[in-house]
Amino acid sequence: MSVVLFFLAAIAAIVVWWLAGQRLTSRPWLEIGHLHDRRGPARIPPAKIGLGVFLAVVGALFSLSVSAYFMRMASSDWGALPLPGLLWFNTGILAAGSITLQWARAEAGRQHDEAARTGLLAALASGLAFLVGQLFAWRALSGAGYFLAENPANSFFYLLTGMHGLHILGGLIVLGRVTAHAAQAPIDSRTRLSIELCAIYWHFMLIVWVVLFALFAGWASGVIDFCRQLLT
Amino acid sequence: MVDVRSGIGEALPPPEVEDVELYHPHSWWTRYVFSQDAKIIAIQYGTTAIAIGMVALALSWLIRLQLGFPGTFELIDAERYYQFITMHGMIMVIYLLTALFLGGFGNYLIPLMVGARDMVFPYANMLSYWIYLLAVLVLAASFFTPGGPTGAGWTLYPPQAVLSGTPGGRDWGIIMMLSSLIIFIIGFTMGGLNYVVTVLQGRARGMTLMRLPLTVWGIFTATVMALLAFPALFVACVMMLFDRLLGTSFFMPAIVEMGEQLQHGGGSPILFQHLFWFFGHPEVYIVALPAFGIVSDLISTHARKNIFGYRMMVWAIVVIGGLSFIVWAHHMYVSGMNPYFGFFFATTTLIIAVPTAIKVYNWVLTLWRGNIHLTLPMLFALAFIVTFVNGGLTGLFLGNVVVDVPLSDTMFVVAHFHMVMGVAPIMVIFGAIYHWYPKITGRMLNEAMGQIHFWISFIGAYAIFFPMHYLGLIGVPRRYHELGEASFVSTSIAELNAFISVMALLVGAAQILFLFNLVWSLRHGREAGGNPWRATTLEWQTPETPPAHGNWGKELPVVYRWAYDYSVPGAPEDFIPQNQPTPGRLSHEAAS
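From first to last, the protein sequence lines are chains A and B.
Numbering-wise, the working numbering puts 214 at position 214 of the first sequence, and it's gapless, one number per residue.
Numbering-wise, the working numbering puts 371 at position 371 of the second sequence, and it's gapless, one number per residue.
It is worth saying that the hints were derived from the structure and are not from the lab.
Computed from a predicted structure; not experimentally measured.
Estimated spans, in silico, between C-beta atoms of each pair:
1) B/T72 - A/L166: 44 to 54 angstroms
2) A/W219 - B/S487: 56 to 66 angstroms
3) B/F488 - A/D225: 45 to 55 angstroms
4) A/C227 - B/F341: 12 to 22 angstroms
Note that the Cβ used here is the ideal one computed from N, Cα and C, for glycine as well.
Just need the whole structure built from these sequences, with the hints factored in.
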């Protein structure tokens, strides 16, 4: 459970940092009158905060799963699974989607509507390509005899890639709506915000994917062993 | 980040929050059924939670009938008994308490108390309710599936939960249960995002965090905790569904069932326990923190006195929220874990008693020399304090490994958690309903019926759960369908069990009176007016009662003071609303 505790410690650090700016030591019973409550230098739109909170929830979900992965890994029946090379390609595609969305966000900020639309479409295509690529990776694995229930390593692989894929799928639905919206009308501040949020979500899912990939490839356990040595 | 400007007459600072464009419903369906108004959603959440809660209440009757009069009722065989206790526990903890505190009170009170027109994402809020309803329906449907609902105990421990020896284990019961939980968590996440972001971004001008009523602090912190804790249950449910349906071995060790070797192997049931309790312990505080917050407001309002130690109360809420994430393994002392872990978790568990005790002292000090009005909300608040202290003290017993080991899985544990997270939060829910019903409906609940309801519930709850501690100390185990003949089971235990059962039937009946009161008073209750309790917080200052769509009429409220200006010396009245710049209403009107 140490992974999730590290994750929660990070969340707690953010919460403490935020609370530190909220005058928790003030004496509200003495302060009567106008209190000018600045919520950050430029007001952050609620949707962005909402996304931040949601990503914290998703982060908790994946760090719990990773915790479970490590705990289950300790048992003797664990047999590692050979990663199909296709996963490298998929990682590249997902990263490309992330970069394209970042580019679309910048173009939308510069009022280059056409370029932004192109970026959105490219990101949509790469997201779909990633999902298809993941399905091919599943097929390759099951074709080679690595079935879901065969071994806990396989079960975790399918479970975690499946969960990640579902999150990408959800993101694609939203991205599709944003793209359709952007195609119909000139890009206004709302659509610009939506593109930005999609970009943030994509970056986050890319990070999650890289962590999962490292986990499946076995690099993460090396890091964990190293940390354990430091601690003991 | 805040400037304090003392001058009342100074020009108002420019608004931080632009007034929002609300969704305006056009038909009866979008106004009352698929409503995006947090107040309607709150009532939907509340009625659904209470309705499924009544099922759980009926189940508790059946459980008690079996325990009090074993063998008398043929309907309640061992299988059904396990199904009843499982569903009773799960419904009460998740579908009633969590949903009612966060979905019900959270939805109703957060926008009104922080001075917002609605939640920030009304559409997601509406979806949240309908997904919750779906979860409840799936859960209720499991009663009608072949094999009935799951009987795995509310903790659903594998491997027994998915084996044929447990009711519903090889049938639909456990599948429906896990699916329902997964659906619930998805729905809750949508609502939870709303509650958090509304508190962060939807506050009215002048409503700093340190001016929030403690109710909002409690619900806010509990929501943050729930958002981080429910994923653990989600992961556990998904993995167990995989084990049950797809033959994986996340939790399932190699096992022989009915002389047949199952294909599972190597899985770790302890892993499930870690995941479950990583959710399960914060869940206790997810229920308790809103109760703490609400009870603070009830006590302050009905004792006409400012809350003692507001800052300390806020800090305590936050500290309890944080600490509750590192105590989960105290539910697993008997799982064979490393004794050093046990020591660590016992220590953190006992540390939580410190902020909790601070809160209790502050409630008592708020009452001290207050002008206590023994109204129904106050009675329930007092009942909460007493009950919570009782339940908390037995928590100190169980938090210690050496004391916990012999008491594990006895009725003592059942008595403890019913006191601390059953009776105590329910007392707050009742108090809160008596307190806010006038705002929700415009009418007061009937006082006489309320008094009967209170005294039967309060004394009855003690008649049920005090003797149960004693049963546990003698060694009566929990989750036993029938005690049978054991040398430690004397006839007096059977008599005590019968007494408890009679009391449980009586207390349950009193809740029916309460429901009747809720319905009766809609029509026949005394007209309440806008602010019957003469309270300071914003929800009592709405231009209309019940508040209309958009809550505040044309102008959003501006907040000038904290939520607890009761009995301020020199003020013409014994309360000053949060949106009132000067002590006297008249002078304010003259000035403007």
